Amino acid sequence: MTNNPFPLSRDQLLAAYRTMRTIRDFEERLHVEFAKGDIPGFVHLYAGEEACAAGIMMHLTDIDRIASTHRGHGHCIAKGVDVHEMMGEIYGKSTGACRGKGGSMHIADLSKGMMGANGILGAGAPLICGAGLAAKFRGDGGVGITFFGDGASNQGTVLESMNLAAIWNLPVIFVVENNGYAESTSVEYATAVDSYVDRAAGFGLPGVTVDGTDFFAVYEAAGEIVRRAREGGGPALLECKTVRFFGHFEGDAQTYKAKGENDFNRANRDCLKIFASRVTAAGVVSEAEIALVDREVASLIDAAVESAKGAPLPTPRELLTDVYVAY
Amino acid sequence: MTPKVGIIANPISARDIRRVVASANSVQIADRANIVQRALAALSACGIEEAVMMPERGGIASHLLRSMERSSNQGEARFPRLGFLDMKVTGTVEDTRTAARMMASAGDVAAIIVLGGDGTHRAVVSECGAVPIAGISTGTNNAFPEHREPTITGLATGLAAMGRVPPEIAFAANKKIEVSIDGGAPEIALVDVAVVTDRFIGARALWRPETFRELYVAFADPEVIGMAAIAGLVEPVTRAEAGGLAVTLAPAGQGAMEVRAPIAPGLIETIGLESWRRMPAGTVHRPSLAAGSIALDGERELFFDPHQDVAITLIDRAFRTVDVSAVMRFAARQKLLVGGLTAARPLENAHS
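Protein sequences, first through last, are from chains A and B. For the first sequence, our numbering assigns the number 6 to the initial residue and increments by one for each residue that follows. For the second sequence, our numbering assigns the number 567 to the initial residue and increments by one for each residue that follows.
The hints are simulated quantities; they were obtained by calculation from the structure and are not laboratory data. Some hints here could point you the wrong way.
Stated by the list, open to error - In silico EDC-like pairs for lysine to aspartate or glutamate, Cα to Cα no more than 20 angstroms straight-line:
(1) A/K141 - A/E236
(2) B/K654 - A/E236
(3) A/K41 - A/D16
(4) A/K41 - A/D307
(5) A/K41 - A/E255
(6) B/K654 - A/E33
(7) A/K278 - A/E33
(8) B/K654 - A/D268
(9) A/K314 - A/D43
Unchecked claim - Residues from chain B that keep clear of chain A, each with C-beta distances beyond 12 angstroms, as calculated:
(10) I583
(11) S610
(12) E622
(13) S638
(14) P732
(15) A751
(16) G768
(17) E801
(18) R844
Stated by the list, open to error - Label-pair ranges, simulated between beta-carbon atoms:
(19) B/K654 - A/K278: 20 to 30 angstroms
(20) B/T656 - A/P12: 23 to 33 angstroms
(21) B/E801 - A/A286: 32 to 42 angstroms
(22) B/D674 - A/G46: 23 to 33 angstroms
Keep in mind it's a predicted model, so treat the numbers as computed, not measured. From the three backbone atoms N, C-alpha and C, an ideal C-beta is built for every residue, glycine too.
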């Protein structure tokens, strides 16, 4: 009998942890750097939600497309976008993934199947239907995944896209990252249909809810949903109940949260702590290996910030280059 | 003051992976609120004046209160007064356990109506003590709660709670199975305990037969789905008779025989069987699998390692349920819901 009780090899477990740690450190560092005033525009941090991105994206390859959100750094990292290019993009530098013209909310890398973060709530859903239709016509087994939050779930674009995906039987997955707040509005107040699974059922799509702070719950459910879509089983919805450690945007005073809520979530619902404690308790991964990943990721983030700060801004001559890209 | 009836309605049952790997349905939140409303109307018809409900954040209460307000605006007063327990809502199974505990300790709750699947009922039974429960199926497998129109469940619960039916008729005793690891506090199952090779909880549900190794059931009904269906198809055991059944399983093609069993809605799988035997109450069973996870009523809840001791024990007469069929038959015989200004009698020669 194998000594590994998990559905992933030791190397895969370490890769999953590395992805989540990279997202966490990336976001924690941006929280600090944004306050210094060097980063243009807004940033919306994904810290706390790492298990969602990592658990889903481990089932994807570069032929699979994702359409992300305004809170997209985690999706980018988990999909394989280069961290240096991401940091450069957020700093608006010419070394960025989009040559510094997109910023935090428009990071894209089509070579990785990352169709872009998106500043428009719910706008990823119709885009992913296009990607899903293309994959269906190509017959390459690719799937499309759109992420959106509990707030964007009320956008007409999302509902129309579910309808479209259902009638065209697209290999598309709708992922609701339900962190409990639409910006500052509680989900209980803002959503008349209280369950996203109910909403999917209205379009004839199966829906599944998982604990988004449990990597293994996300991983196992996403695996079945992705497999089903690849095999022609059609679209589905996955709701990940998760938490966000920071505000809606950097600078958000978070007065809508209960006193101590963030501290409680960091102590009890931190997906990295939960993951690390399970894999080390099982003896599959050692604490030393976890610590090594922590150090390597810290160095990576340090280097990414340093290189982004030192990189040149795009010049006025580049204003109209790369603006229109043929997909 | 009439006795109160408690209501625990789980807003997040029937949301797991079996919507994808099987064809399980999901009862919508608005439907769950409607079910509570039907049960409340039935309770009121039996004379229950007050009900107390578990608060939740899933939307059942808000739908219900809106609906009751509309009914009240129309001059209808066909519901008991509805209160909510004063408890912190976590959005987890702890809410169900807390609510059941509070209802049991209140002293004036005569019965608890439960909306959910097997897991929800298990959570209620773990804390409700001697207070009888009446189950309404809104889960996935629903092997424990019987399928029935909630209005009838509400009527039976109301009649039983009001003392209009003798307790020996109104309430039935049920079995449960306790699982203890290393002598710790036992977890319980109401229907089945499955030992599987997975050693992680993950998406919880069971749908991969190649992982199934052992099965212990409190009752084995060939009309239910889930793990208990496997046992039910080889040797039925009723809810009322003493003891259960222990089944040794194997991957398909590797057992002494095979059974095609509905292990989830719309999912009929070939299951390998080695053997089965009766499981007397009070006898401790220990899995032969060295390490794996333990699914309680169809959901992986616990995992164990080779060095750990797992004890599985069936308990007879562990908790009470409202015997809806018996209550309604008694009500019909005793004309409990029949009234009139003049003496009515059955028609003779109705077909002439």
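Evaluated hints:
no., hint, result
1, A/K141 - A/E236, "holds, 11 angstroms"
2, B/K654 - A/E236, "violated, 44 angstroms"
3, A/K41 - A/D16, "violated, 37 angstroms"
4, A/K41 - A/D307, "holds, 16 angstroms"
5, A/K41 - A/E255, "holds, 12 angstroms"
6, B/K654 - A/E33, "violated, 31 angstroms"
7, A/K278 - A/E33, "holds, 15 angstroms"
8, B/K654 - A/D268, "holds, 18 angstroms"
9, A/K314 - A/D43, "holds, 8 angstroms"
10, I583, "violated, 5 angstroms"
11, S610, "holds, 26 angstroms"
12, E622, "violated, 10 angstroms"
13, S638, "holds, 21 angstroms"
14, P732, "holds, 41 angstroms"
15, A751, "holds, 20 angstroms"
16, G768, "violated, 4 angstroms"
17, E801, "holds, 30 angstroms"
18, R844, "holds, 30 angstroms"
19, B/K654 - A/K278: 20 to 30 angstroms, "holds, 23 angstroms"
20, B/T656 - A/P12: 23 to 33 angstroms, "holds, 28 angstroms"
21, B/E801 - A/A286: 32 to 42 angstroms, "holds, 39 angstroms"
22, B/D674 - A/G46: 23 to 33 angstroms, "violated, 59 angstroms"
Of the hints listed earlier, those the structure fails to meet are numbers 2, 3, 6, 10, 12, 16 and 22, in rising order.
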